[in-house]
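Trainee: The task is simple: from the sequences and hints, build the whole structure.
Protein chains: 2
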Amino acid sequence: MRFNKTLDAIKVYEAGKPIELVVREFGIDSKEIVKLASNENPYGCSPKVQEAVRGSVENMARYPDDSMYGLKAGLAKRFDVKTHEVIIGAGSDQVIEFAVHAKADSESKILINSITFAMYEIYARHVGAEVIRTASREHDLDAFYALYLEHRPAIIFLCTPNNPTGDSIDASAVMEFIAKIDSETLVIVDGAYMEYARYKDSAKALEPKTLISTFDNVLYLGTFSKAYGLGGMRVGYGIASQEIITALYKLRPPFNITTLSLEAASAALEDDTFVQMSIKKSFEEMERYEAFADAKGIRFIESYTNFITLCLGEGTDSTVVADALLRQGMIVRDLAGYGLNAIRVTVGRPEENDRFFALAEALI
Amino acid sequence: MRFNKTLDAIKVYEAGKPIELVVREFGIDSKEIVKLASNENPYGCSPKVQEAVRGSVENMARYPDDSMYGLKAGLAKRFDVKTHEVIIGAGSDQVIEFAVHAKADSESKILINSITFAMYEIYARHVGAEVIRTASREHDLDAFYALYLEHRPAIIFLCTPNNPTGDSIDASAVMEFIAKIDSETLVIVDGAYMEYARYKDSAKALEPKTLISTFDNVLYLGTFSKAYGLGGMRVGYGIASQEIITALYKLRPPFNITTLSLEAASAALEDDTFVQMSIKKSFEEMERYEAFADAKGIRFIESYTNFITLCLGEGTDSTVVADALLRQGMIVRDLAGYGLNAIRVTVGRPEENDRFFALAEALI
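Read top to bottom, the protein sequences are chains A and B.
Throughout the first sequence, residue numbering follows the numbering used here, covering 4 to 367 in sequence.
Throughout the second sequence, residue numbering follows the numbering used here, covering 4 to 367 in sequence.
The hints are simulated quantities; they were obtained by calculation from the structure and are not laboratory data.
What you were told as hints is all true, and nothing was included just to trick you.
One copy or any two copies: either way a pair holds, since identical chains are not told apart in the list.
For lysine to any residue, the following SDA-like pairs were computed, each having C-alpha atoms within a straight-line distance of at most 20 Å:
(1) Lys14 with Ala339
(2) Lys212 with Met178
(3) Lys8 with Tyr252
(4) Lys85 with Ser216
(5) Lys14 with Pro257
(6) Lys112 with Arg5
(7) Lys112 with Leu144
(8) Lys14 with Ser117
(9) Lys14 with Arg255
(10) Lys34 with Glu61
(11) Lys283 with Glu293
(12) Lys34 with Asp68
(13) Lys14 with Tyr252
(14) Lys75 with Val26
(15) Lys75 with Ser216
As the structure is a computational prediction, the values presented were derived from the model and not from experiment.
Mentor: The structure is reproduced here in structure tokens:
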């Protein structure tokens with residue numbers, strides 16, 4: 004059977020190996036496996052969130068409130084925006100999907116960083132759009148601007164802090180950059196890890212309200228998958244002008260998040276103390292990774308997230324290291340596929356990090 | 004900002020009113036509201052499913068097993084197919100989305116019944132495909148075939164049992180119909196309510212294995228949202244040849260169902276006794292609706308599902324009736340938007356149906 008030609012160019016996204024798969028492949032006891040590969044919050048979510056979800060289990064037969072009234076009101080309050088400036092997605096991934104499908108087609112170009120979140124390119128391929136990449140590892144906004152002038156893309160993605168590298172752009176630089184972009188180009192600011200950056204350095208903190216009250220052509224993305232500890236529940240959001248939100252809404256399927264996800268995300272917004280505690284612990288543990296790298300004489304990228312990218316020396320192959328760790332039940336992300344001889348490690352709980360250092364000692 | 008032209012033709016799907024919205028609009032106590040509008044299973048899901056989900060709440064931070072190994076194995080066993088002949092979606096809606104995006108574009112036509120599930124047309128509009136409809140209320144396969152010859156659609160949807168009318172096509176007629184369709188046309192058999200049809204009349208039961216072993220161009224859809232009582236958890240599936248599944252997989256976003264949804268659906272497959280009990284009760288209660296309609300002298304469509312469509316007389320307006328019921332806390336679906344002077348009522352628990360009959364007595 005023939006399918007649309009756009010499918011020919013699509014490769015399937017390779018997610019971090021789930022614990023279940025490692026258990027099956029290598030026969031390792033699931034209790035022995037440490038997964039530091041998908042930037043999940045190792046402290047999970049607030050006990051209050053767990054309690055709220057347990058209390059809602061009897062509602063699983065009921066479709067969720069498709070207006071998402073409560074969650075949108077919570078986000079609007081948190082960010083001091085209007086509810087009609089908010090859209091909820093099954094992860095911020097789905098908001099990216101809406102935006103790409105709303106704005107780009109096979110005639111369009113989409114401008115992204117050389118190394119960045121894989122889903123931008125995947126959704127670009129879904130619509131047959133051409134992906135233009137900058138050359139440097141970290142976001143170089145001058146290079147972005149030059150390519151913008153050359154290619155006039157329909158969409159520009161800025162991922163800050165960037166995944167999978169962890170670096171972050173100054174908020175003032177982002178504002179100056181967007182001011183130079185024409186109002187017909189959609190600029191998507193992906194702040195999936197913004198809670199971490201905001202905690203570490205206020206100069207990196209981009210506020211959705213400032214962005215959308217200054218620019219009509221900006222879509223800010225956030226997620227409950229990282230700092231909020233709800234990676235498994237698939238809830239993200241977009242914040243933008245009503246015009247953009249209305250367009251994206253046309254592509255939103257009904258009931259796009261689950262009844263329990265709605266409950267979990269709404270409850271998570273109510274317990275910021277837990278979130279801030281987990282961010283604080285993460286950066287305390289991050290210092291141990293930096294000290295480990297310094298002691299081993301390897302470079303790392305300064306991170307504004309809950310993960311750290313370790314750039315290995317010439318004599319060490321990241322794929323070999325990641326594979327050796329995997330066979331001992333330690334799952335990290337090899338960045339060879341991104342053209343980097345590096346591994347990305349989610350900063351885990353102290354005992355998980357102990358295990359990483361013990362295993363990595365012999366490999367790096 | 005300009006968006007893709009395809010957005011101009013898209014209208015937003017109107018879901019059944021959730022209980023929360025009625026509470027807000029009319030200030031009715033949520034305990035007083037009965038929702039018989041979205042064909043949810045009023046008996047919910049198995050207690051074993053609830054238990055499994057409660058036990059997994061601490062895993063909400065973890066992304067789901069993206070291979071969906073366990074759930075796919077469960078479905079493959081249930082339907083005697085291979086795991087590579089199965090794809091999981093966030094509701095069968097999402098599998099429809101994958102199929103339409105994989106097979107159709109703005110040059111394509113999609114053939115559907117005059118009155119049928121709204122999402123077929125919505126996804127067709129997403130890709131700019133032209134929708135061709137038959138003329139009759141129930142699936143007329145001769146009319147489908149004539150329109151197929153005339154328009155050569157990329158996709159044909161057969162919804163059996165049909166939503167929102169409840170009627171069902173004989174399985175043998177479906178098999179004879181598909182045999183006449185060329186192998187480049189994708190025939191999608193939406194069996195969202197098939198568990199109910201199979202219980203009531205085996206002549207209506209389409210088996211995925213028979214379909215896909217006979218035809219390379221068929222995609223069978225099923226869901227956990229109806230008989231399995233997991234409407235809020237967004238899990239559906241497609242079963243087809245490996246060739247079709249591989250194409251659809253290219254459009255599947257990673258982690259497209261939640262960690263708890265995966266747990267719930269896998270557990271639900273293990274307790275068929277509960278599902279069969281709820282189907283049995285539903286048809287027992289259905290008889291009361293049929294008796295009510297007969298007593299009132301109004302027609303109904305014989306239903307192979309967990310809902311019944313009551314066709315109102317000339318002097319009674321379905322929108323007026325649905326609105327009057329709503330103001331008293333009884334939510335049903337008005338089918339005026341489908342061109343029918345009818346209401347669709349989900350068969351509820353006995354006490355919910357009592358309430359419907361009591362309120363409807365004065366209105367119909």
